[in-house]
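Using the sequences and the hints given, assemble the complete structure.
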Amino acid sequence: MHGRRKLFGGRKKRRETGEMSLQITSMADIFTILLVFLLKGLSSDALQISPSNGTQLPNGINTVALNEPAIQVEVSKDGILVEKDFVSALQDYHLSAKEMSRDGTIPSLNERLDKERARQKLIAQSNDTVKIDSRAIILSDQKVPFATMKPVLRSLAAHGYSDIKFAVVKE
Amino acid sequence: MSANFGSSSNSQEVDLNITPIIDCFTVLITFMLASASFLSIGFFDAYTPGMSSDPTSAPPDTEAFVKIKNNQTAELKIKGRKHLTLTFDLKNPDSLKGLDQEMKKLDSEHLKLNQVLLSAEDDVDYKSVADVMGHLSQSNLPVVVGDF
Numbered sequence: 453m454h455g456r457r458k459l460f461g462g463r464k465k466r467r468e469t470g471e472m473s474l475q476i477t478s479m480a481d482i483f484t485i486l487l488v489f490l491l492k493g494l495s496s497d498a499l500q501i502s503p504s505n506g507t508q509l510p511n512g513i514n515t516v517a518l519n520e521p522a523i524q525v526e527v528s529k530d531g532i533l534v535e536k537d538f539v540s541a542l543q544d545y546h547l548s549a550k551e552m553s554r555d556g557t558i559p560s561l562n563e564r565l566d567k568e569r570a571r572q573k574l575i576a577q578s579n580d581t582v583k584i585d586s587r588a589i590i591l592s593d594q595k596v597p598f599a600t601m602k603p604v605l606r607s608l609a610a611h612g613y614s615d616i617k618f619a620v621v622k623e
Numbered sequence: 170m171s172a173n174f175g176s177s178s179n180s181q182e183v184d185l186n187i188t189p190i191i192d193c194f195t196v197l198i199t200f201m202l203a204s205a206s207f208l209s210i211g212f213f214d215a216y217t218p219g220m221s222s223d224p225t226s227a228p229p230d231t232e233a234f235v236k237i238k239n240n241q242t243a244e245l246k247i248k249g250r251k252h253l254t255l256t257f258d259l260k261n262p263d264s265l266k267g268l269d270q271e272m273k274k275l276d277s278e279h280l281k282l283n284q285v286l287l288s289a290e291d292d293v294d295y296k297s298v299a300d301v302m303g304h305l306s307q308s309n310l311p312v313v314v315g316d317f
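Protein sequence lines, in the order shown, are assigned to chains A and B. Heads up: the first sequence begins at 453 in my numbering, then just goes up one per residue. Heads up: the second sequence begins at 170 in my numbering, then just goes up one per residue.
Since the hints were derived computationally from the structure, they do not count as laboratory data. Since this is a predicted model, take the numbers as computed values, not measurements. Cβ atoms here follow ideal geometry from the backbone N, Cα and C, with glycine treated the same way. Keep in mind that a hint or two might mislead.
Calculated cross-link-like contacts (lysine-lysine; reagent style BS3-like; alpha-carbon spacing at most 27 Å) [claimed, not checked]:
| id | chain 1 | residue 1 | chain 2 | residue 2 |
| --- | --- | --- | --- | --- |
| 1 | B | Lys246 | A | Lys602 |
| 2 | B | Lys266 | A | Lys595 |
| 3 | B | Lys266 | B | Lys238 |
| 4 | B | Lys266 | A | Lys622 |
| 5 | B | Lys248 | B | Lys273 |
| 6 | B | Lys248 | B | Lys266 |
| 7 | A | Lys529 | B | Lys238 |
| 8 | B | Lys273 | A | Lys622 |
| 9 | B | Lys266 | B | Lys251 |
Examples of chain A residues lying across from chain B (beta carbon under 7 Å, computed) [to be verified]:
| id | residue |
| --- | --- |
| 10 | Val516 |
| 11 | Lys595 |
| 12 | Val620 |
Each pair of labels, with its calculated beta carbon distance range [what the hints assert, rightly or not]:
| id | chain 1 | residue 1 | chain 2 | residue 2 | range |
| --- | --- | --- | --- | --- | --- |
| 13 | B | Glu244 | A | Val488 | 45 to 53 Å |
| 14 | A | Pro559 | B | Leu197 | 40 to 48 Å |
| 15 | A | Lys595 | B | Glu244 | 20 to 28 Å |
Set out below in structure tokens:
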């Protein structure tokens with residue numbers, strides 16, 4: 453009774469003062485559902501793979517999911533990146549002759565992959581559960597010509613990265 | 170928002186101020202929407218030359234090559250126990266369905282085929298390579314990408 457009296461009193465007061473009350477209980481419900489949904493999406497997407505700005509992955513069918521992390525090599529319009537670090541320059545998707553060695557690999561990429569391998573070996577020495585990884589993820593722009601892909605693949609193969617995952621946008 | 174505690178005769182009304190909670194939620198949701206990735210990324214499994222075949226497996230009696238050409242066609246060559254050369258137009262989805270069917274057929278013919286070798290001419294873009302890889306994955310054969 454007390455509550456009802458207060459409610460009516462409140463209304464009367466609002467009418468007098470022209471004050472409006474916003475019903476935010478339903479809004480709180482919507483926000484809670486949205487938050488739970490976004491948190492769930494965030495936790496299931498444990499492997500954060502996103503190409504840099506400007507890199508457009510091609511669309512692909514019959515793709516598979518990636519369950520474990522691997523070294524990320526990105527080939528964009530202006531350069532080759534390993535784990536988001538700039539490694540080698542490209543001129544409009546093309547490698548210049550000075551960026552390539554005689555064996556068809558890319559010396560600057562080799563250097564970076566050597567470092568990654570050394571780091572993995574160091575961890576593997578002290579931790580038996582860590583093994584030398586043969587997987588690599590390639591995030592390549594859809595306009596990259598095969599002539600640029602070949603030396604990247606050669607460099608990866610030369611460093612024992614034989615299991616390659618080509619990233620595409622799921623259709 | 171209010172809640173009643175105790176019996177109706179001796180009720181105590183407690184007001185819960187949910188405005189700061191809403192504020193927190195708004196900031197959290199904005200942050201999450203900004204950081205969320207709406208692109209769904211998938212992957213094609215492939216191997217580099219010389220590393221894919223299992224040394225304990227029987228030597229193959231058939232070999233399959235796919236070469237993507239500058240004129241937006243893909244040539245499938247099968248050598249060994251079965252001989253076949255087919256060309257598919259990458260611009261024509263119906264033509265690419267033919268590649269799907271050929272790959273499925275290869276899978277069902279019980280040939281000793283360990284892998285499919287995929288190569289492309291220098292000017293072929295990655296989009297075309299990804300297109301063909303999608304169709305090659307119809308078979309369960311490992312795809313080896315390289316310069317063949």
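Worksheet item: Going straight from one Cα to the other, do A/Lys529 and B/Lys238 come out at no more than 27 Å?
Response: holds, 22 Å
Worksheet item: Given A/Val620 was flagged as interface, is its beta-carbon under 7 Å from a beta-carbon of chain B?
Response: holds, 5 Å
Fill in: Restraint check for B/Lys266 with A/Lys595, where alpha carbons must lie at most 27 Å apart
The given pair, whose Cα atoms are some 23 Å apart, holds under the 27 Å limit.
Item to complete: Would you check whether A/Val516 satisfies its interface hint, that is, whether its CB is within less than 7 Å of any CB in chain B?
Response: Result: holds, 6 Å to nearest chain B Cβ.
Worksheet entry | Distance restraint between B/Lys266 and A/Lys622, which requires alpha-carbon spacing of 27 Å or less | Between B/Lys266 and A/Lys622 the Cα gap is close to 18 Å, so the pair holds against 27 Å.
Worksheet item: Taken at face value, is the distance from the CA of B/Lys273 to the CA of B/Lys248 at most 27 Å?
Response: Roughly 17 Å separates the two Cα atoms, so the pair holds.
Worksheet item: Is B/Lys246 within 27 Å of A/Lys602, Cα to Cα?
Response: Cα-Cα ~21 Å, so holds.
Worksheet entry | Given pair status - B/Lys251, B/Lys266, alpha carbons within 27 Å | Distance of about 21 Å is within 27 Å: holds.
Item to complete: Given the hint of 45 to 53 Å, check if B/Glu244 and A/Val488 actually sit that far apart at their C-beta atoms.
Response: Check passed, 51 Å falls within 45 to 53 Å.
Practice prompt. Determine whether the Cβ-Cβ distance between A/Pro559 and B/Leu197 falls within the hinted range of 40 to 48 Å.
Written response: Since A/Pro559 and B/Leu197 have Cβ atoms about 46 Å apart, the given range 40 to 48 Å holds.
Discussion item. Is 20 to 28 Å respected by the C-beta to C-beta distance linking A/Lys595 and B/Glu244?
Written reply: holds, 22 Å
Worksheet item: With a cut-off of 7 Å, does the beta carbon of A/Lys595 approach a beta carbon of chain B closely enough for the hint to hold?
Response: holds, 5 Å
Checked against the numbered hints above, the structure violates none of them.
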